[in-house]
Each structure stands twice: as C-alpha cells, then as structure tokens.
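Undergrad: Residue numbers (our numbering), protein chains in the order written: chain W, 1 to 223; chain Z, 1001 to 1221.
Among the hints, a few may not be true.
Only part of the chain Z face toward chain W is listed, based on derived beta-carbon distances under 10 angstroms [claimed, not checked]:
#	residue
1	ALA1058
2	ALA1088
3	LYS1139
4	LEU1140
Reference excerpt, derived from the structure (chain W facing chain Z, CB under 7 angstroms, subset only) [claimed, not checked]:
#	residue
5	SER8
6	LEU28
7	THR45
8	ILE85
9	PRO89
10	PRO106
11	GLN135
12	GLY137
13	LYS138
14	GLN139
15	GLN144
16	LYS147
17	LYS176
To spell it out: a stretch of chain Z is covered by chain W in this simulated footprint if at least three of its residues, at any positions, have a beta carbon under 8 angstroms from a beta carbon of chain W; those stretches are [stated by the list, open to error]:
#	region
18	1081-1087
19	1126-1135
20	1163-1176
Read the hints as simulated data drawn from the structure, not as lab findings.
Quantities reported herein were computed from a predicted structural model and do not represent experimental measurements.
Quick reminder that beta carbons are idealized off the backbone N, C-alpha and C, glycines included.
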Amino acid sequence: MIEKPVISAARAAKMVGEGAVVHVGGFLACGSPRGVLAALAELGTRNLTLVCNDTAVLDEKNGRVTGVAPLVKNRQFRKMIVSHIGTNPESQRQMNAGETEVVLVPQGTLAERVRAAGCGLGGILTATGLGTEVQEGKQVVEVQGRKFLVEEALPGDVALIKARKADKAGNLVYSKTARNFNPLMAMACKTVIAEVEEIVEIGEIDPDQIHTPSILVDYLVKA
Amino acid sequence: MEYVASKETIAKRIARIFKDGDVVNLGIGLPTLVGNYVPEGVTIVLQSENGFLGLGPAPAPGAEDPALVNAGGGFVTIQPGGAFFDSAMSFAIIRGGHVDATVLGVLEVDQQGNLANYKIPGKLVPGMGGAMDLTVGAKLVVAATEHFDKSGASKLLRTCKLPLTAANQVDFVCTDVGFFEVRNGTFVLKEYFKPYTVEYILEKTDADIVVDKDCREVEIS
C-alpha cells in the first residue's frame, strides 16, 4: 500500500484555500481535529463555507472555546451549513445581524447530504422537514405513496477530520462518539486530511476493524 | 387553585409509557429527566443521536472519557451490549422507524400535533439538531412540557405560531397538570394529575380539549 504524507497542522491549514467549502468532523467538537483547526484559525483564511454538525461551544466566561468556535469568532466563514448553533452565541449573533449566512439543516439530513456527495448520488429523499421552513424552495416528490423532500448532495473541497488511529496507508479507526460525521466527510471532499492520535505500521490494524479505508484519505496529521 | 410547575411530575408520568425493550431517544433538558424514572422491571435502550445505543449514566468523577459524550456534549457511559456508529447510521436508526419513542421539549405544541421547539425568529435560534428527524422518524412522539410558560400562557395551543419542527407528528403531550393524546385535530385529556381538575385544565388551556370517556385522576408520586 502507498504511504500517505504525514504533514504538520500548519501545512494542512494552508491546503484550505480562500473561499473553500470545508467539511469539519465532530459533534460539539467531540471528534473535531483540534490541531488543524487551531492552525486554520491562526492562518485566518476567510470566505470559507463551513459544513459541520454545529458551531461548537463559545463560552469565554467559563474558558470553554471548542472546535470551530474560534474560526466563527474570527469571522472566517462566509456561510455555515450546520444543524445546531445553540452553544455558540456568536454564530447566532452573526446570523441575526445578517453578517454570516447560516443554513440550518436537520442533523439526519445533513449526514445524508454529506454521505450522498461521497457516494456518487445527487441527493436523497427524506420526509424530515416536510411542512416546515426546511421545505421552502425544495421539490416535493411522491414515491411509493409517501411524500418526500428532495435534498441535494453536499460535496466539499477539503475535509478536516479526526480519528483515533491511522496506519501509514491512511486506514482510519475512530473512537466511540468521536466518530459521528468523520467517516461521511472522508468520502465527500476532494482533499481529505485526517488528524490522528496515533500512526501505526501498515498491517497493524485488523482490516476487519477499519472504519475508513485508506484510499479516501490524502494526508495525515499527528495530533 | 395555584399552578406549581413540576418537571418531575412530567418525567415520572412519561417514564410509565415505555414497554420493556423499547428503543428510546430523549431530548436535551426536561426529556432527559425521564430516564431517571423508568419503572422497575422495564428496561429501555437509550439511543443517542451523536452515535450510539446503550446510553448510560454519567461516569464517576475522574473516569470521564472525552470521546464518550451525549448529544448535549456531557460525559456519559455506554451500557454493556451498546454499540457506536456514525451519524448516517444514527439517523438511519431514527428515520428508519427503529426508534420506538422519542421525548422532546416544547416551545409550542398544538392540537394538530404540530411541534415548535427549535427557533424563536430573531431571538433564540439554537437550530433543530436532530429534532426534526426524531419527530418524523420515531414511532411514538411525546412532547414534554410544563403546562404554562413563565408569563402564565398555555403552552398547548390551537395553532403554533413559531416555525415548526414537524407537522402533525406529536402523539402524546404530557404536562404537569395532565396527559393528553393528539387525536383528529384536538387534544384528548386522558389523565388529570392531582390536585388539578378537569375544569381547571379546560379553563386554563388555550386549545380545544375533548375529555376522554375513560379520563381519570392520577396521583403522580
């Protein structure tokens, strides 16, 4: 198997170009690539579109600033496509002030739109959101006697994901609830950068236990 | 009669709905309390939408695992026999009809079974998270809410004014004064909780209520 380059967090951050669509793994920052996000915040790249479950926690009073929250605070996102912003008041403020476009997507729909992008599908049909604001501007189709919304695939330029362990080929194993969106995003983006806690030799991970196959991963960053 | 808000009453009553073996997803906040009151002899399997089945209690101090949290980001444990999965599988379980019941919090709920719980435009916009998928996908949708808001207004309405989380999906509403079924565009009062009366509930609720023929007084303790 071909070994994947192991790069620094700073170099990984530079691969996110101005205006890129960035998929960031993690659920309230559990399973987010902390090192790469910190480097991207320091670099200050702007006009990004974020695809992520949520905008993480921004609670400076209590010293809790996690995941993508520093990038939100830096105003590095032009647009945020997320399911939840309730733990980051700054993202709510930017949305209400019209400073940043926020598209709220039901969490299951977000997962499937990302998955569809990585699976060669144009989108998915779901009943979630019927009769709500989520339906606005979307096609409703009837299949097998049931109504569904057409939800389009959500591809990205760069996926910034986090795994517990990789082998040198880039095969990934996630840990517990830190898995969440990471395997889906690993399929949906042109460039996939995985921050990992441990890098082992090829062959050391039982092929039966691999969550994301190596061919989907382009670069590794040691956490 | 004076109204005394009681989250505990709501959680205790809802916990009696479940059957042994039910797969249940509890929303953040008041719904989470329901897990504390599941009757003896009934075992439910809790699903957590961030990616596992077998949600267990908070770990002992010092045993927290940063990779093991619930959908609110709090440290939790996993029960023996539980399983982790990614977000697509998590919502396949939810949307695919593999969750027997979900309990969700309420900003407004109406007699059509419409639920609003994710947005007060221009003010509070936390986002829907997994709530829209849960209301559409779970076999049984239970709305858990105090009967009145802080200003004393009824949380049960004829028509929701806030943006909906889902249309026509709520099966039961449990408040701290009674237990309601949503049926044919009206609330049906099934139980009224001591010390409240049917008359009190009919007078104070800003919605159409039919009193079920088997409606009874229940003491929640």
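Undergrad: Evaluate each hint against the coordinates.
TA: How the hints compare with the structure:
1. ALA1058: Since the shortest Cβ distance to chain W is 14 angstroms, the answer is violated.
2. ALA1088: The hint holds - ALA1088/Z has a Cβ within 10 angstroms of chain W, the shortest such distance being about 5 angstroms.
3. LYS1139: For LYS1139/Z, the interface hint is violated, since the closest Cβ of chain W sits about 14 angstroms away, which is over 10 angstroms.
4. LEU1140: Given a least distance of 16 angstroms, the restraint on LEU1140/Z is violated.
5. SER8: 23 angstroms, violated
6. LEU28: Interface hint status for LEU28/W: holds (4 angstroms vs cutoff 7 angstroms).
7. THR45: 25 angstroms, violated
8. ILE85: 5 angstroms, holds
9. PRO89: Constraint on PRO89/W not satisfied, violated at 10 angstroms.
10. PRO106: 4 angstroms, holds
11. GLN135: 9 angstroms, violated
12. GLY137: Constraint on GLY137/W not satisfied, violated at 15 angstroms.
13. LYS138: Hint violated; LYS138/W Cβ to chain Z Cβ min 13 angstroms, cut 7 angstroms.
14. GLN139: 18 angstroms, violated
15. GLN144: At about 14 angstroms, which exceeds the 7 angstroms cut-off, the nearest Cβ of chain Z leaves the hint on GLN144/W violated.
16. LYS147: Violated, because the Cβ-Cβ distance from LYS147/W to chain Z comes to roughly 11 angstroms (cut-off 7 angstroms).
17. LYS176: 4 angstroms, holds
18. 1081-1087: holds (count 4)
19. 1126-1135: It holds, with 8 qualifying residues against the three required.
20. 1163-1176: Result for this restraint: holds, n = 6.
In summary, the structure is inconsistent with hints 1, 3, 4, 5, 7, 9, 11, 12, 13, 14, 15, 16 from the numbered list given earlier, while agreeing with the others.
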